[in-house]
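A.B. asks: Sequence:
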Amino acid sequence: MMPALLCCAMPGAAAAKAPDTDTLKIRLEASIAERCGIAALGANDKDGGRIDRPSTISFNFRLDCNTPFRIGVSADQGAMALVEASGDRQIRRVANAEGLTTEGFATRKPYVASLQFATDQDGMVDAGDCDSNDLTSRKGDCQFFGNRAGSGFAPGRKSTAIGREGSLTVRWRGEEEQSVRLAAGDYQETLTIVVGART
1 MMPALLCCAM PGAAAAKAPD TDTLKIRLEA SIAERCGIAA LGANDKDGGR IDRPSTISFN
61 FRLDCNTPFR IGVSADQGAM ALVEASGDRQ IRRVANAEGL TTEGFATRKP YVASLQFATD
121 QDGMVDAGDC DSNDLTSRKG DCQFFGNRAG SGFAPGRKST AIGREGSLTV RWRGEEEQSV
181 RLAAGDYQET LTIVVGART
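Read in order, the letters of the sequence shown are residues 1 to 199 in my numbering.
Since the hints were derived computationally from the structure, they do not count as laboratory data. The reader is advised that the hints may include incorrect statements.
Unchecked claim - DEER-style ranges, computed between Cβ atoms:
1) Gly37 <-> Gln121: 17 to 23 Å
2) Lys158 <-> Asp47: 35 to 41 Å
3) Gly185 <-> Ser31: 18 to 24 Å
4) Leu24 <-> Arg138: 54 to 60 Å
5) Ala33 <-> Ala184: 50 to 56 Å
Remember, predicted model here, so these are calculated numbers, not experimental data. Quick reminder that beta carbons are idealized off the backbone N, C-alpha and C, glycines included.
Sequences and hints are given; from them, build the entire structure.
C.D. replies: Structural data, given as structure tokens:
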């Protein structure tokens, strides 16, 4: 939205009449609309390679918030979950309540997510780490969980981020640190980052 500009010339008397004063006051008004958005820097989809080996993947983004804001992250499943190909779509493999196949293999791989971003006032802000199972609900213990604009982590009461960069980093441990081996196949998860003005 373009800044609005209003110019008012208000003489003390009608134009046909001689002015009563030697002073003319002009009032100028302008405004900039609040905005808060996010854009990916690079690909949104990344292949983490082998899920049975320790891995770290970073997703970079740019913030454009000219007003104090909150940033939130949520996950669809709370783990990297095993999928099977079925035509042109992906379906989750059926597992029991413990997340195991009938053969006794695990079908879910937990991970840890970390959120960092820069603000105009404070430089780089570290919002901390969250376990994947805390990214599906507000009931979890994640300070940057948020699934709607204006929810999640607030960097500061007056913090803005105009053209600032940040990253969401996901990491998981190797299979040797798990008590149950993972089933063979492809694993997927969807993470969503939201930003919005503080309310």
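A.B. asks: Against this structure, judge whether each hint is valid.
C.D. replies: Evaluation of the provided hints:
no. : hint                         : in the structure
1   : Gly37 <-> Gln121: 17 to 23 Å : 19 Å, holds
2   : Lys158 <-> Asp47: 35 to 41 Å : 40 Å, holds
3   : Gly185 <-> Ser31: 18 to 24 Å : 55 Å, violated
4   : Leu24 <-> Arg138: 54 to 60 Å : 58 Å, holds
5   : Ala33 <-> Ala184: 50 to 56 Å : 52 Å, holds
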